[in-house]
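In the order they appear, the protein sequences are chains H and E.
Counting the first sequence from 1 gives a position; this note's numbering is that position plus 10.
Counting the second sequence from 1 gives a position; this note's numbering is that position plus 9.
Think of the hints as simulated: they come from the structure by calculation, not from any bench.
It cannot be assumed that every hint is accurate.
Stated by the list, open to error - Cut-off 25 Å, straight-line C-alpha distance, at most; resulting in silico cross-link-like pairs (SDA-like, lysine to any residue):
id : chain 1 : residue 1 : chain 2 : residue 2
1  : H       : Lys-32    : H       : Leu-125
2  : H       : Lys-32    : H       : Lys-51
3  : H       : Lys-50    : E       : Thr-121
4  : H       : Lys-29    : H       : Leu-125
5  : E       : Lys-65    : H       : Thr-113
6  : H       : Lys-50    : E       : Lys-65
7  : H       : Lys-51    : E       : Val-122
8  : H       : Lys-46    : E       : Gly-87
9  : H       : Lys-51    : E       : Lys-86
10 : H       : Lys-51    : E       : Ala-62
11 : H       : Lys-54    : E       : Leu-57
12 : E       : Lys-69    : H       : Asp-112
13 : H       : Lys-50    : E       : Ala-36
14 : H       : Lys-54    : E       : Gln-90
15 : H       : Lys-32    : E       : Asp-11
16 : H       : Lys-46    : E       : Lys-65
17 : H       : Lys-51    : E       : Glu-78
18 : H       : Lys-46    : E       : Thr-33
19 : H       : Lys-54    : E       : Gly-66
20 : H       : Lys-50    : E       : His-83
21 : H       : Lys-77    : E       : Thr-121
22 : H       : Lys-46    : E       : Asp-11
23 : H       : Lys-54    : E       : Asn-31
24 : H       : Lys-54    : E       : Glu-17
25 : H       : Lys-46    : E       : Lys-86
26 : H       : Lys-46    : E       : Gln-90
27 : H       : Lys-50    : E       : Leu-57
28 : H       : Lys-51    : E       : Gln-90
29 : H       : Lys-50    : E       : Glu-85
30 : H       : Lys-50    : E       : Ile-119
31 : H       : Lys-51    : E       : Glu-51
32 : H       : Lys-54    : H       : Val-124
33 : H       : Lys-19    : E       : Val-46
34 : H       : Lys-46    : E       : Gly-52
35 : H       : Lys-54    : E       : Thr-37
36 : H       : Lys-51    : E       : Asp-63
What the hints assert, rightly or not - Not close to chain E: a few residues of chain H, all C-beta gaps over 12 Å, as computed:
id : residue
37 : Met-25
38 : Gly-26
39 : Thr-41
40 : Asn-60
Don't be surprised by glycine CBs; every beta carbon is placed ideally from N, CA and C.
This is what each chain is made of:
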Amino acid sequence: DTAVSQTPKYLVTQMGNDKSIKCEQNLGHDTMYWYKQDSKKFLKIMFSYNNKELIINETVPNRFSPKSPDKAHLNLHINSLELGDSAVYFCASGARGATSTDTQYFGPGTRLTVL
Amino acid sequence: GDSVTQMEGPVTLSEEAFLTINCTYTATGYPSLFWYVQYPGEGLQLLLKATKADDKGSNKGFEATYRKETTSFHLEKGSVQVSDSAVYFCALINAGGTSYGKLTFGQGTILTVHP
Numbered sequence: 011d012t013a014v015s016q017t018p019k020y021l022v023t024q025m026g027n028d029k030s031i032k033c034e035q036n037l038g039h040d041t042m043y044w045y046k047q048d049s050k051k052f053l054k055i056m057f058s059y060n061n062k063e064l065i066i067n068e069t070v071p072n073r074f075s076p077k078s079p080d081k082a083h084l085n086l087h088i089n090s091l092e093l094g095d096s097a098v099y100f101c102a103s104g105a106r107g108a109t110s111t112d113t114q115y116f117g118p119g120t121r122l123t124v125l
Numbered sequence: 010g011d012s013v014t015q016m017e018g019p020v021t022l023s024e025e026a027f028l029t030i031n032c033t034y035t036a037t038g039y040p041s042l043f044w045y046v047q048y049p050g051e052g053l054q055l056l057l058k059a060t061k062a063d064d065k066g067s068n069k070g071f072e073a074t075y076r077k078e079t080t081s082f083h084l085e086k087g088s089v090q091v092s093d094s095a096v097y098f099c100a101l102i103n104a105g106g107t108s109y110g111k112l113t114f115g116q117g118t119i120l121t122v123h124p
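Bound-form chain E, shown alone (with noise of 0.2 Å):
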């Protein structure tokens, strides 16, 4: 089936530090590739997504580049803000067979920035 793997958490860093946060999936045929963010206390907000093969989805800052090749979407900001600190979720969805539109997560990685 289908699954999708994050990099373990927790990841700490300083204000303006690069972040990477590495996801990795399988699926058969062509997913679609979602960045959900939870901040403390909410629910899931969509952060940016990728529908096809070499989409590069961005917003706030963040961007990540839908690599079918490596079956990656890695998550990326240039210089993050203490605001930035929540969970990131990694997740798709499979158009294909009997899904019906359900999302596949990731495990969640715990961000937390320092000022």
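The shape of chain H in the complex, shown without the other chains (with noise of 0.2 Å):
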């Protein structure tokens, strides 16, 4: 049973293109993230939502724009793709508010290469 799903795991496409990824979780959590990881291995927050309202988001282009239909699900749209958006994205989830204890789950990853 997977707990944070995320599609497709490799996304290979040209510039000016637009793609999205999905990400779903049969956790039961209220809150899911997306953070972004360059060729450095650097892990940074872009979004949250928590019960489907956006709560954190950081300083992405509005190239990126995520949606969260519901509390189980988060996709990622990214329009007019540009060389420096080829990374790896991560999906993540956790229980905030009082059920809260910090640990965020990962998925495993989409890999995006912008050529």
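Put the complex together from the two separate chains, hints included.
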């Protein structure tokens, strides 16, 4: 049983294209996150949704648009892809509020390569 | 803002050697501290955590103690195995302010263990 799953695992595309990455969690968590890992392995938060509400929006170009149709899903759409968007994108989920343990569970990552 | 600094890598050890990966942090309030591990080609997994000063997190032979006086959370293992080869990330969550549970990561330390 996969706790946090992402699709696709690999994504190779041309500059200027629009692409989406999907994330689903079956842990019953109320908060989901997108992190970006660059070529030097550095990880940085991009977005977070709590109960379908956007609560974290770091300094990310507005070509990136997250969408959370329900608590179990968080998708990331990227318009007009640029070379610098090449990275591994990780989805994570966690529980906040009274049941929070602070622990976040990560998906396997989506390796995006922009040519 | 919050930040985490890890020792520079990569670290190369022989099997059964002692491991220390240093981690120090800067944060307001009382953050929770984590070590995550990323095995080749995989997502991040929680290795251990500590939520208050003097707590010791431990898992799979790894240990780290939350030292508020030195703002440190160094990772140790008495005898490493080849299967421990991975990238190790120190991270914190600051429950206060507007962090909304975002993880702030160190830059990661690549560990390679040779037979």
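Comparing the hints with the structure gives:
For the hint linking Lys-32(H) to Leu-125(H), the alpha-carbon distance of about 21 Å falls within 25 Å, and the restraint holds. Distance check on the hinted pair: Lys-32(H) and Lys-51(H) sit about 21 Å apart at the alpha-carbon level, within 25 Å; holds. Among the hinted pairs, Lys-50(H) with Thr-121(E) is consistent with the structure: their alpha-carbon atoms are about 16 Å apart, no more than 25 Å. At most 25 Å may separate the alpha-carbon atoms for a hinted pair to count; Lys-29(H) and Leu-125(H) meet this at roughly 13 Å.
Note on Lys-65(E) and Thr-113(H): the hinted pairing holds, with a Cα-Cα distance of about 16 Å set against a maximum of 25 Å. Taking the CA atoms of Lys-50(H) and Lys-65(E), the gap is about 29 Å. The hint is violated against a cut of 25 Å. Our distance criterion of 25 Å between C-alpha atoms is met by Lys-51(H) and Val-122(E), whose separation comes to about 19 Å. Pair hint Lys-46(H) plus Gly-87(E) does not hold up; C-alpha atoms about 32 Å apart against a cutoff of 25 Å.
A distance of roughly 23 Å separates the Cα atoms of Lys-51(H) and Lys-86(E); the hinted pair therefore holds under the 25 Å criterion. Among the hinted pairs, Lys-51(H) with Ala-62(E) is inconsistent with the structure: their alpha-carbon atoms are about 28 Å apart, more than 25 Å. Distance hint between Lys-54(H) and Leu-57(E) is fulfilled; the C-alpha atoms sit about 20 Å from each other, no more than 25 Å. Taking the CA atoms of Lys-69(E) and Asp-112(H), the gap is near 20 Å; set against the 25 Å cutoff, the hint holds.
Taken as a hint, the Lys-50(H) and Ala-36(E) pair is honoured in the structure, with Cα atoms around 24 Å apart against an allowance of 25 Å. At most 25 Å may separate the alpha-carbon atoms for a hinted pair to count; Lys-54(H) and Gln-90(E) exceed this at roughly 29 Å. Restraint check for Lys-32(H) and Asp-11(E): the C-alpha separation of about 29 Å exceeds 25 Å, so the hint is violated. Under the criterion of a C-alpha separation no larger than 25 Å, the hint pairing Lys-46(H) with Lys-65(E) is inconsistent with the structure, at around 29 Å.
Between Lys-51(H) and Glu-78(E) the CA atoms are separated by roughly 29 Å; this puts the pair beyond 25 Å, and the hint is violated. Distance check on the hinted pair: Lys-46(H) and Thr-33(E) sit about 22 Å apart at the alpha-carbon level, within 25 Å; holds. Distance check on the hinted pair: Lys-54(H) and Gly-66(E) sit about 24 Å apart at the alpha-carbon level, within 25 Å; holds. Restraint check: the Cα-Cα separation between Lys-50(H) and His-83(E) comes to about 21 Å, which is no more than 25 Å; the hinted pair holds.
With a CA separation close to 38 Å, the supplied pair Lys-77(H) and Thr-121(E) exceeds the 25 Å bound. At roughly 18 Å between alpha-carbon atoms, Lys-46(H) and Asp-11(E) fall within 25 Å of each other, so this suggested pair holds. About 20 Å separates the Cα atoms of Lys-54(H) and Asn-31(E), which keeps this hinted pair within 25 Å; it holds. About 18 Å separates the Cα atoms of Lys-54(H) and Glu-17(E), which keeps this hinted pair within 25 Å; it holds.
A threshold of 25 Å between alpha carbons decides the hint, and for Lys-46(H) with Lys-86(E) the separation of about 29 Å lies outside it, so the pair is violated. Only pairs whose Cα atoms come within 25 Å are accepted, and Lys-46(H) paired with Gln-90(E) is rejected, the gap being roughly 29 Å. For a cut-off of 25 Å, the pair hint linking Lys-50(H) to Leu-57(E) stands: about 23 Å separates their Cα positions. Only pairs whose Cα atoms come within 25 Å are accepted, and Lys-51(H) paired with Gln-90(E) is accepted, the gap being roughly 22 Å.
Distance restraint check for Lys-50(H) and Glu-85(E): the Cα-Cα separation of roughly 23 Å lies within the 25 Å cut-off, and the hinted pair is therefore satisfied. Of the pairs offered as hints, the one joining Lys-50(H) and Ile-119(E) holds, with about 11 Å between alpha carbons and a cut-off of 25 Å not exceeded. Straight-line distance between C-alpha atoms of Lys-51(H) and Glu-51(E) comes to about 12 Å, which keeps the hinted pair within the 25 Å bound. For the proposed pair Lys-54(H) and Val-124(H), the alpha carbon gap of about 19 Å is at most 25 Å, so the pair holds.
As the CA atoms of Lys-19(H) and Val-46(E) are separated by approximately 19 Å, the hinted pair is consistent with the 25 Å bound. A threshold of 25 Å between alpha carbons decides the hint, and for Lys-46(H) with Gly-52(E) the separation of about 12 Å falls inside it, so the pair holds. For the suggested pair Lys-54(H) and Thr-37(E), the alpha carbons sit about 19 Å apart, so the restraint of at most 25 Å is met. The hinted pair formed by Lys-51(H) and Asp-63(E) fails the criterion: a straight-line CA distance of about 29 Å is larger than 25 Å.
Every Cβ of chain E is farther than 12 Å from the Cβ of Met-25(H); the closest lies at roughly 26 Å, confirming the non-interface assignment. Residue-level check passed: Gly-26(H) sits 29 Å from the nearest beta carbon of chain E, beyond 12 Å. The beta carbon of Thr-41(H) is not kept farther than 12 Å from every beta carbon of chain E, the shortest such distance being approximately 6 Å. Its closest Cβ contact with chain E, about 7 Å, brings Asn-60(H) to no more than 12 Å, contrary to its assignment away from the interface.
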